[in-house]
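*Asks:* Going down the list, the protein sequences come from chains A and B. No gaps in the numbering here: position 175 of the first sequence is 175 in the numbering used here, and each next residue is one more. No gaps in the numbering here: position 192 of the second sequence is 445 in the numbering used here, and each next residue is one more.
Hints may contain errors.
[Claimed, not checked] Computed, partial: chain B to chain A, Cβ under 7 angstroms:
hint	residue
1	269
2	270
3	314
4	330
5	333
6	344
7	452
No wet-lab data here; the hints were simulated from the structure. Quick caveat, the model's predicted, so the values are computed rather than measured. Built from N, CA and C at the ideal position, the CB exists for glycine as well.
In case you want the letters, here they are:
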Amino acid sequence: MTLTHADTGAAGAGGDGPYEHGLTEDLARAALALARRFHAGGTMWCASPSWTFHAHHVAVEFVHPVIMGKRALPAVVVPPGADLVASLRATVRPGDMVVVVAGTAPSDPGGADVAEVMRRGPAWGVETVWIGAGTRPPAGAADHVLWLGTDDPLVASEQFVRIYHLLWELTHVCFEHSGLLQPDLCEEEVCITCSDEGRTAEVVAVDEGGDAVVRTAEGRERIDVSLIDPPRPGDLVLVHAGSAIASLEEGRS
Amino acid sequence: MSPETTDFLYPFIEGDERDSASLLADLSASAEAKWGYSERLRQETLALCHDQLASVSAAMARRFEAGGQLFAFGNGGSATDADDVAQVFTRPPRGEPLPARSLVTDHAVLTALSNDIGFDVVFSRQLEAHGGPNDIAVGLSTSGNSENLLVAFRQAAKRGMLTVGLAGYDGGQMGRCDELQHCLVVRSDSVHRIQETQAALIHALWSAVQSEYQAKGAA
Numbered sequence: 001m002t003l004t005h006a007d008t009g010a011a012g013a014g015g016d017g018p019y020e021h022g023l024t025e026d027l028a029r030a031a032l033a034l035a036r037r038f039h040a041g042g043t044m045w046c047a048s049p050s051w052t053f054h055a056h057h058v059a060v061e062f063v064h065p066v067i068m069g070k071r072a073l074p075a076v077v078v079p080p081g082a083d084l085v086a087s088l089r090a091t092v093r094p095g096d097m098v099v100v101v102a103g104t105a106p107s108d109p110g111g112a113d114v115a116e117v118m119r120r121g122p123a124w125g126v127e128t129v130w131i132g133a134g135t136r137p138p139a140g141a142a143d144h145v146l147w148l149g150t151d152d153p154l155v156a157s158e159q160f161v162r163i164y165h166l167l168w169e170l171t172h173v174c175f176e177h178s179g180l181l182q183p184d185l186c187e188e189e190v191c192i193t194c195s196d197e198g199r200t201a202e203v204v205a206v207d208e209g210g211d212a213v214v215r216t217a218e219g220r221e222r223i224d225v226s227l228i229d230p231p232r233p234g235d236l237v238l239v240h241a242g243s244a245i246a247s248l249e250e251g252r253s
Numbered sequence: 254m255s256p257e258t259t260d261f262l263y264p265f266i267e268g269d270e271r272d273s274a275s276l277l278a279d280l281s282a283s284a285e286a287k288w289g290y291s292e293r294l295r296q297e298t299l300a301l302c303h304d305q306l307a308s309v310s311a312a313m314a315r316r317f318e319a320g321g322q323l324f325a326f327g328n329g330g331s332a333t334d335a336d337d338v339a340q341v342f343t344r345p346p347r348g349e350p351l352p353a354r355s356l357v358t359d360h361a362v363l364t365a366l367s368n369d370i371g372f373d374v375v376f377s378r379q380l381e382a383h384g385g386p387n388d389i390a391v392g393l394s395t396s397g398n399s400e401n402l403l404v405a406f407r408q409a410a411k412r413g414m415l416t417v418g419l420a421g422y423d424g425g426q427m428g429r430c431d432e433l434q435h436c437l438v439v440r441s442d443s444v445h446r447i448q449e450t451q452a453a454l455i456h457a458l459w460s461a462v463q464s465e466y467q468a469k470g471a472a
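For reference, chain B alone in the conformation it holds in the complex:
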């Protein structure tokens, strides 16, 4: 990499920079490179997870066929990914809507649990209230270490739910959690790039479940 392309990494000490053209060119080049990296990570991860996606989606489809529903949860950006999961399953661009809910949307429940007990139980307590043996727990994290996800997976396993996790890095504690049956790992150490590929994994998982799912009465 030539010195010019790394100039943008360093602040102008004087603060007297006036011409934005070179900054804009550097920003654009940086965006192009990161976009390319993100695209490659997406393709590599989907290839690496191909067999796993097949087995997870088959297991999920069986639960839906048995009348189960899906609960998705995560923190921060991963909370918005949980909403994405709920949205794509219930309001799919094609195929059959399937019952799914995000556990991060009810502020009354979230604040009540956080205030009365603690943030570690905000998802597990909801699974305790709603989860049954036909149901599916999908937890999303980039680090794989979120305590409230680990507690939720233990609760889900106790209730006989299918447990599915999405994590980054090396999977973190989710990768070593006995109660988590399926852990899809995006092997990167950039939170942003992990989330971008997790979005693709969510949609690939949804698509595969749609292919697997046999509605009652169908051949």
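Same shape as in the complex, but just chain A:
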């Protein structure tokens, strides 16, 4: 008998460490961000179009920790089979988190929906974590990209378990640093969050008069959309001083 996969050592393994340089630093930053969101009352939404069981594993890890005495945290699985974008759009609230385990399209058919969810993160006011393997999503595709280089789906699947276990462990370490659970203070001269500069918004409805109701991280608001081509519900636009100044859908189908 030959064991053709896991006993031979994972492809590309270079010693005991994570295959992707920078993965543990990315994990650390993601854990602190999640701890801050949980601390402020956020809920974690978990999804995995091609490996539903990973979404369930992430959620149960946070809700009912294996280590006794660790607090239960609100984590929920997005119903499998649901339209991921529509389902999350209906349920997430500003301050929440979305954690997805998925590859990128076309190697993972669910990857396109995941990219759409991640793109909407700023408009929905959610922190996004994308755990995956294979072809890395483009820079800025999610707030946190925790990525493996392997193309072997089973090696990737095994290492996803490590990634979210570590994410849970590090998140709980962050809770012991209460002074760091407040968001970083604004240090930029012009703070994008505090000013009204270039906020991402998702169009909810468009009036005939050139106004639109949009959703941003701060909630719903009515804006002027006469400066751009008429947007459609669901489109992302950039809002400045009460007006849409650019569509974020150019070049998209």
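Position chain B relative to chain A; hints supplied.
*Replies:* Relative to chain A, chain B alone:
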């Protein structure tokens, strides 16, 4: 280990910590160390279980060849591992799909059994309904002590099924269960690290079954 690297283990009593750089460095170092430990445990376990994996996979392949199917079950994170087992056998990345099901996916059955009888029978009762002498029962636990798994293995043995268990620690009660024919043990006392290596064992088992399995009509 220098004192600086253990700082993160202790809370700042004042809560006035403001610079996240040192925490992030500690978290990253901690993740690196745990990743390395997990990788070593995986390699050691696969080496230790090499002969056992060969005999279990051969026995499983014979059952599949005889038309049997696989039932996987577990609780919590191990329930998601049972789903992993069902997924990799039925929708393999390569090779031939083989019939497998997870016993944790039907909420109607799980709640009916829990409500009417008790949680200890949620798997055994399903095996009673579906299991036959060509079939395979795969139960996953980290402690090795889950009562509903032990009850399920007894039921499976009664029905002539092949019984396979994955456990952690020293195998727990699963390691001493007469009705459990094969028990693959991940010798660690960390639930997380056990589960990470169990994921590798599941895939190694699947891979070995694929190598062993001779489809009807094949040479």
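*Asks:* Run every hint past the structure and note whether it holds.
*Replies:* Hints versus structure:
Interface hint at residue 269 of chain B: satisfied, since its Cβ lies 5 angstroms from the closest Cβ of chain A, which is below the 7 angstroms cut-off. Using the Cβ-Cβ criterion of 7 angstroms, the hint placing residue 270 of chain B at the interface with chain A is satisfied: the shortest such distance is roughly 3 angstroms. At about 10 angstroms, the closest approach between the beta carbon of residue 314 of chain B and any beta carbon in chain A exceeds 7 angstroms, and the interface hint on this residue is violated. Below 7 angstroms, beta-carbon pairs count as interface contacts, and residue 330 of chain B has one with chain A at about 5 angstroms; its hint therefore holds.
A cut of 7 angstroms between beta carbons decides the hint on residue 333 of chain B: the least distance to chain A is about 4 angstroms, and the hint holds. The interface hint given for residue 344 of chain B is broken, as the beta carbon of that residue sits about 9 angstroms from the closest beta carbon of chain A, more than 7 angstroms. At a threshold of 7 angstroms, the smallest CB-CB gap from residue 452 of chain B to chain A is about 4 angstroms, leaving the interface hint in force.
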